[in-house]
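Number of protein chains: 4
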Amino acid sequence: MQGELHEECGVFGVYHLPGAANLTYLGLHALQHRGQESAGIAVSDGDSIRCRKGHGLVTEALSSQKLAELRGENAVGHVRYSTAGGGEWENIQPLLVRAKMGSLAAVHNGQIANARELREELEEQGSIFSSSSDSEILLHLIQRGRGSLLEKLQDACRRLEGAFAFLVLTEQSLYAIRDCNGLRPLSVARRGQGYCVSSESCAFHLIEAEEVRELEPGEILKFTAGGMESHRYTADTRHRLCAMEYVYFARPDSDIEGRNVHSLRRRTGRLLARRDKDLKADMVVGVPDSSLSAAMGYSEESGLPFEMGLIKNRYVGRTFIQPTQELRDSGVKMKLAANRSVVEGKRLVLLDDSIVRGTTSRRIVRLLKEAGAREVHLRIASPPLRYPCFYGVDISTQEELISARLSVPELCRFVGADSLRFLTEQEMQEAYGGEDFCFACFDGRYVTRV
Amino acid sequence: MQGELHEECGVFGVYHLPGAANLTYLGLHALQHRGQESAGIAVSDGDSIRCRKGHGLVTEALSSQKLAELRGENAVGHVRYSTAGGGEWENIQPLLVRAKMGSLAAVHNGQIANARELREELEEQGSIFSSSSDSEILLHLIQRGRGSLLEKLQDACRRLEGAFAFLVLTEQSLYAIRDCNGLRPLSVARRGQGYCVSSESCAFHLIEAEEVRELEPGEILKFTAGGMESHRYTADTRHRLCAMEYVYFARPDSDIEGRNVHSLRRRTGRLLARRDKDLKADMVVGVPDSSLSAAMGYSEESGLPFEMGLIKNRYVGRTFIQPTQELRDSGVKMKLAANRSVVEGKRLVLLDDSIVRGTTSRRIVRLLKEAGAREVHLRIASPPLRYPCFYGVDISTQEELISARLSVPELCRFVGADSLRFLTEQEMQEAYGGEDFCFACFDGRYVTRV
Amino acid sequence: MQGELHEECGVFGVYHLPGAANLTYLGLHALQHRGQESAGIAVSDGDSIRCRKGHGLVTEALSSQKLAELRGENAVGHVRYSTAGGGEWENIQPLLVRAKMGSLAAVHNGQIANARELREELEEQGSIFSSSSDSEILLHLIQRGRGSLLEKLQDACRRLEGAFAFLVLTEQSLYAIRDCNGLRPLSVARRGQGYCVSSESCAFHLIEAEEVRELEPGEILKFTAGGMESHRYTADTRHRLCAMEYVYFARPDSDIEGRNVHSLRRRTGRLLARRDKDLKADMVVGVPDSSLSAAMGYSEESGLPFEMGLIKNRYVGRTFIQPTQELRDSGVKMKLAANRSVVEGKRLVLLDDSIVRGTTSRRIVRLLKEAGAREVHLRIASPPLRYPCFYGVDISTQEELISARLSVPELCRFVGADSLRFLTEQEMQEAYGGEDFCFACFDGRYVTRV
Amino acid sequence: MQGELHEECGVFGVYHLPGAANLTYLGLHALQHRGQESAGIAVSDGDSIRCRKGHGLVTEALSSQKLAELRGENAVGHVRYSTAGGGEWENIQPLLVRAKMGSLAAVHNGQIANARELREELEEQGSIFSSSSDSEILLHLIQRGRGSLLEKLQDACRRLEGAFAFLVLTEQSLYAIRDCNGLRPLSVARRGQGYCVSSESCAFHLIEAEEVRELEPGEILKFTAGGMESHRYTADTRHRLCAMEYVYFARPDSDIEGRNVHSLRRRTGRLLARRDKDLKADMVVGVPDSSLSAAMGYSEESGLPFEMGLIKNRYVGRTFIQPTQELRDSGVKMKLAANRSVVEGKRLVLLDDSIVRGTTSRRIVRLLKEAGAREVHLRIASPPLRYPCFYGVDISTQEELISARLSVPELCRFVGADSLRFLTEQEMQEAYGGEDFCFACFDGRYVTRV
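Just so you know, the protein sequences line up as chains A, B, C and D, in that order.
Sequential numbering of the first sequence, starting at 67, is according to the numbering used here.
Sequential numbering of the second sequence, starting at 67, is according to the numbering used here.
Sequential numbering of the third sequence, starting at 67, is according to the numbering used here.
Sequential numbering of the fourth sequence, starting at 67, is according to the numbering used here.
For the record, the hints were derived by calculation from the structure and aren't laboratory data.
Honestly, I wouldn't trust all of these hints.
Identical copies carry no separate label here, and so any pair may be met within one copy or between two of them.
Said to hold, decoys possible - 25 Å max Cα-Cα, derived BS3-like pairs, lysine-lysine: (1) LYS435 x LYS399; (2) LYS343 x LYS412; (3) LYS346 x LYS166; (4) LYS399 x LYS378; (5) LYS399 x LYS132; (6) LYS399 x LYS166; (7) LYS343 x LYS435; (8) LYS132 x LYS412; (9) LYS401 x LYS132; (10) LYS378 x LYS401; (11) LYS412 x LYS399; (12) LYS218 x LYS399; (13) LYS378 x LYS412; (14) LYS218 x LYS166; (15) LYS343 x LYS401; (16) LYS378 x LYS343; (17) LYS132 x LYS435; (18) LYS218 x LYS412; (19) LYS399 x LYS343; (20) LYS401 x LYS435; (21) LYS412 x LYS346.
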């Protein structure tokens, strides 16, 4: 199901560490799977903030020359996925503005559900917007607030509905904020005398930082010379982490809310297998990379061998040209190949993480059948996606969700599989070890007003 | 004296013409001498505004792909000189913002003298700034204004002190504004059923537009489907065009306020020659390119032959590497060469347009002497620069103006010339045909509160 | 063990198919794992040959504009790994020369063992070399040969010792050549009215070509309007495919000499497990990507769960900057991360494909131990590498082969593992189903004079 | 007449000077007017030769990183004009080959008239060609020669007919060669303990080298540790410098064969004026840049003022996009603008250096007339071009030479001028001070067999 679902981004911050830009560069590199369209870093040296950014991967957007221009011990960085296209430089984060209280740089992961209302209200009051980023809304709210910067941040956050993990850098300090439902992940770690903040814990390992804990829903962490202070912007909080983080976004070696992503995905595979006692099949195949963990679990539970029936081409860059009309329709072929000798004449259980539009699944099934697979039994490691997301997952309308339109048997015919089964919501909760998640895209029960 | 003095930029606008982006591209190309650091174009198609920009020459900043993305009939464009360095993308114009009344794109030539005050006031009211461009101040003032957009513009302009030529593009219309002292030039032309606006008239020729007239000081031209409407933002106006436009910035084939730039420079050369009746010399040499007109005039008046004693290398790009330490000091050599066989053993009258720091003049004199020139009599086609400019010419402090520190004989020794003479202020007024100019950098009489 | 061993390249050819350049582009994309340093395509339109090439991945080296310039129905292409660095454009293949019989373009996979002798001999006869590519030797030999081009090719090949798969393109025809020991793979496929030739069969699937067969050792295939003619340049042939193709180079979904690469690697894992009956361990971990197949086999045979204990970062490009001194030593961290929660406190069987210098293995073991692994039992899916390769594998000296210097127990201590075992030569032959391979880097029995 | 005529290139060499690559970079920068399509430098450090090259200006083709890779005290460099298009990297000079006697790098200015014959002969003997550069012919001839390298060079040069200035770099020494008719210029200078060689003397000034003398026709200079040795490859020599060097190619501050280029061009202008005693005109205008010297001379002789009636846009780069169909035909407008206020209502004498196809002249005349010029009297500072050049000037066929087809009155009508006069051949010889030139393109008397 790769290539269909995308969260907006990953954020990384550093406080009080020499070479903050370099550490942020590495941290963003570890978060690269969360967004490949643009990257940027802002660094404060105590006096002023400088920002460098660009299109593409971290390694493309930030040259060694740009990095060298970013001196200082405090930093925030961002990697971003965007459908908006190449030209919109203004939307690349961090956003850096000069305001009454000095310079501010902000990065954001998530989506503000009441963004349109807030924008209109701010414009009514005389604000102008130079980007379409939600970060800019936060910065305007801060600027119009009263009291200390912390108080302004608290006031501003109370106005925001939806999903957010913000980092805000000033000349002197760094703030990390997590929304009151905990929809987006955010963790803090220690390294030497300083701190790091990251969307996912996998980034800490790369720079040898020691994870301290995740931010609580509604928490604002303020980093100052004295250390790390915890504040809240509201008492009305709950744990509702986005389930799609586990399903698709996060890296298998990240731990979120105490659960290892790979292990949890593996568990979904086992649960799927448990209901397939009577299925006759020869092997288990996972769609690389996000569905390999579930396939491992299915294999273990079912006793069927786990085989490399699909190969992912690692070298598909952003600039790939699909050169012939006749081959254009099969874009998936550039990225995935069936391992013909392995699947030929065999009955396959094919594990995928989710189905959005259904077209990719259909192509993968066809790929395997054309390579000679006798049967393809598709198993999806999450329930049907039936409701749009307003919290940052790129499923904006119900029309494009095929499970909102087709029943499971209809969908099975559509994708051309010999059988199709989804994880049930009960199994998902069992695998995830609780109900403390946002399952809105599966069950329509949104955690905020939408 | 090339390479020392730089105005901020050139602006170009198009209203109601198919292919507005292409015409603006050509117009900016003709204005390229006004700024080579960055270029950008914003185009409105009636519904929305898109903007593309980049570093370098127009041909580098705007690829054919970027141009193709800019569809519509109304456009504004900008070329810019900046000392700020490569990383500050936010400062490249046009500035495009989304505000209450829709999208606005603005370009600016000049300098707002009370920018700092206005910024602080706006920040106090809750504005945040994402660039250091004066255009953003205008956009904030507009957004906070009342009434129609025209009324907002009028109110905003009344707040601004200093030099400005603004173009403001909305989804539906285009506004061109010139400050009440007329410090920066701005002209309007017709082409087919539409209009063009340009910092200099030389751009009209390239695209075969017919100049209509220059904007009056304090005028706001509003272009709409019905045609061109003239409005004023103040009745308190006067003609005080920046004299440096004639001395250095403008292209010789531009006419500003009814005067051809080349012809006026030529006249300064004649006036200089008229006082040199007793000077024994063999030839006249001009520093290319800006001082060739004055040298032609001096040659004609004096009867001395005009010779190509200095050659300019046309191929010095932005990326030139000065590779050896021993040659680094003579950077001027990369750009200018003495024509040894021509000047050897000769007594030269050397024409230059102005002297800022004195170091370039010193190098040119040394270049000619090392090439064998027997005598070098330096003649400057403008009076000594003694006062900083607050209206967009990049002379920010009195310290760097050598004429503020040294007398003419001292300066003559400093540059190593055999004699040195400047145009007098009286001669300048004679050459320019009036006193209706800003001569503040020569005489310290600023036209606004500073 | 990724990043240590590299073969020279992959070749792909097309005969008598419209859009030959596009098909070659896709074919090279599928062969991208064989070389990422440069890529090139030469196309013949019946009259003349044009060539376009560049540094980097296929998608970087060949822009859509370059592709559009390559019109014609016959083509050869190349992807290349090279340590020679960025500046040596001349060595990027195809090599295109103009000679007596017209233009010739050649691409080459392998290494000519007697290259130095042949070069000296040719230079003695007046040849000059503009590259250091072995392809140029072939082209010189052809040019100096007699008779038809086929006869020249046959004569030339008889002079060559070592490993080679050549494609030679003329204005009218295409030749594919495989050395008499069959050291390098080369296959032919049909597509519509034309043919494709490829180093690996995985490329055929992408463009929907039907594999016909592999070339025989010593065979020269000539493609002409009439079809495909088979010729030999020698009767002295044998099957000695390089075993490292299976161990490391080839893509898991390729079949070479009738064996699927993934399945064969899986078999080596099973054989390793069979000897580990008494090993107490908790899980099997494979080094991604080349050792996952072996890990799957080990897991199946041993009954131990296959776990994702190591994660590969997919986004490490050629331009990655290792920004801090303290982190420089752990370059492997940019590419590989331990899945801490999975391995913590566990006893691991770690599968890798081979050990060259030992330093990468040592880093991976350390990575896992630092992440909390209790024990790491390293299993290598090939025998110890003890002898240099003269046939295209980048192991040029015995000194850099750690197994040539250390015994297995010493090596185990060096890499810091709790136990270490290699596949035996007997097991390898069992897994590979025969002795018809070049095992020279393991046993020193070279198949040619060296 | 700019943009129509182009010689192949400029060459620069350095012997026994630290930082040879840097000096060559500067030298090529001074020769940039001789070719802007590509540039390259090869450097020897005594042991081996490295080469770096690229497309575009010297500053674009050779980054600081590439320069830094070129260590050594001996170097050769090249700038090149080519119609062949962007993709032909192989033709960018220097050409670097490995041959029997070691490595050789060669650069070439000129054209070998019997290149085709020599190529065929060499191919017959087994040579293959990887470029279409004449340098490669020389390198093949050298490689096939006998005796010392000097003897090989002498033998090789005796085989060459046509125009050439070669520099040949070996690991240990540098050779400079000028053809026996002296068709192309080549000079030598001293700098410190070493030497420089250049197509034009203007390059010496930039790097503060002292010109020693020009090479004699038929001379081979060998630079060794002991100094500079002069040799000949033939006794059959004469002075026949290409007259177009003075007319168009060379920089005004270069001296060639003892004549300053600017001064000689000025003289042609004076001679043209002398025959225009009865012409009624208001001003003299030169086509920038190559015709300004002649215009100065005409102005001085006639007493008519020299005016800036045409302005050249300095910023037309290689990537300029001509965006609209309606403007495409007037490409000349991007480069040249009429100074409307200066020429309006005036009678102009317009000086140009030559007429090739006539289309550019026609556009310039039209430009001036559209700007209001009352009369345009075109004066050409060289005789009509009637014969193709086989020595490096890009006039390959008689058909494209309009003076071969039209009489002067017909041509006057074609270009739309009010009168047209060329310099006569007698005047040319008077201005040039002799008959020791190749005037073949004017009079058809070729200096070699063609």
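Hint-by-hint comparison with the structure:
1. Taking the shortest Cα distances, LYS435 and LYS399 sit within 25 Å of each other inside one copy (14 Å), while across copies they are farther apart (38 Å).
2. With identical chains, the CA atoms of LYS343 and LYS412 are at most 25 Å apart within one copy only, with a shortest distance of 18 Å there and 30 Å across copies.
3. For the identical chains of this complex, LYS346 and LYS166 are neighbours neither inside a copy (69 Å) nor across copies (63 Å), given an alpha-carbon limit of 25 Å.
4. When the C-alpha separation of LYS399 and LYS378 is checked against a cutoff of 25 Å, the pair qualifies both within a copy, at 9 Å, and between copies, at 22 Å.
5. In this assembly of identical chains, the alpha carbons of LYS399 and LYS132 lie at most 25 Å apart only when taken from different copies (23 Å versus 36 Å within one copy).
6. Taking the shortest Cα distances, LYS399 and LYS166 never come within 25 Å of each other, neither inside one copy (53 Å) nor across copies (42 Å).
7. For the identical chains of this complex, LYS343 and LYS435 are intra-copy neighbours only, at 24 Å inside a copy versus 38 Å across copies, given an alpha-carbon limit of 25 Å.
8. Within a single copy, LYS132 and LYS412 get their C-alpha atoms no closer than 53 Å, and across copies no closer than 42 Å, so neither meets the 25 Å cut-off.
9. Only between protomers do LYS401 and LYS132 lie at most 25 Å apart by alpha-carbon distance; the minimum there is 23 Å, versus 32 Å within a single protomer.
10. In this homomeric assembly, LYS378 and LYS401 come within 25 Å of each other (Cα to Cα) both inside a single copy, at 6 Å, and across copies, at 17 Å.
11. For the homomeric pair LYS412 and LYS399, the shortest alpha-carbon distance inside one copy (21 Å) is at most 25 Å, but the shortest distance between copies (38 Å) is not.
12. In this homomeric assembly, LYS218 and LYS399 never come within 25 Å of each other (Cα to Cα): the closest approach is 51 Å inside a single copy and 40 Å across copies.
13. In this assembly of identical chains, the alpha carbons of LYS378 and LYS412 lie at most 25 Å apart only when taken from the same copy (20 Å versus 29 Å across copies).
14. For the homomeric pair LYS218 and LYS166, the shortest alpha-carbon distances inside one copy (12 Å) and between copies (24 Å) are both at most 25 Å.
15. For the identical chains of this complex, LYS343 and LYS401 are neighbours neither inside a copy (32 Å) nor across copies (39 Å), given an alpha-carbon limit of 25 Å.
16. In this homomeric assembly, LYS378 and LYS343 never come within 25 Å of each other (Cα to Cα): the closest approach is 29 Å inside a single copy and 33 Å across copies.
17. Taking the shortest alpha-carbon separations for LYS132 and LYS435, neither the intra-copy value of 49 Å nor the inter-copy value of 35 Å comes in at or below 25 Å.
18. Proximity of LYS218 to LYS412 under the C-alpha cut-off of 25 Å is found in neither arrangement, the shortest distances being 62 Å within a copy and 48 Å between copies.
19. For a Cα distance limit of 25 Å, the shortest separation of LYS399 from LYS343 qualifies neither inside one copy, at 32 Å, nor across copies, at 41 Å.
20. For the identical chains of this complex, LYS401 and LYS435 are intra-copy neighbours only, at 17 Å inside a copy versus 34 Å across copies, given an alpha-carbon limit of 25 Å.
21. With identical chains, the CA atoms of LYS412 and LYS346 are at most 25 Å apart within one copy only, with a shortest distance of 11 Å there and 33 Å across copies.
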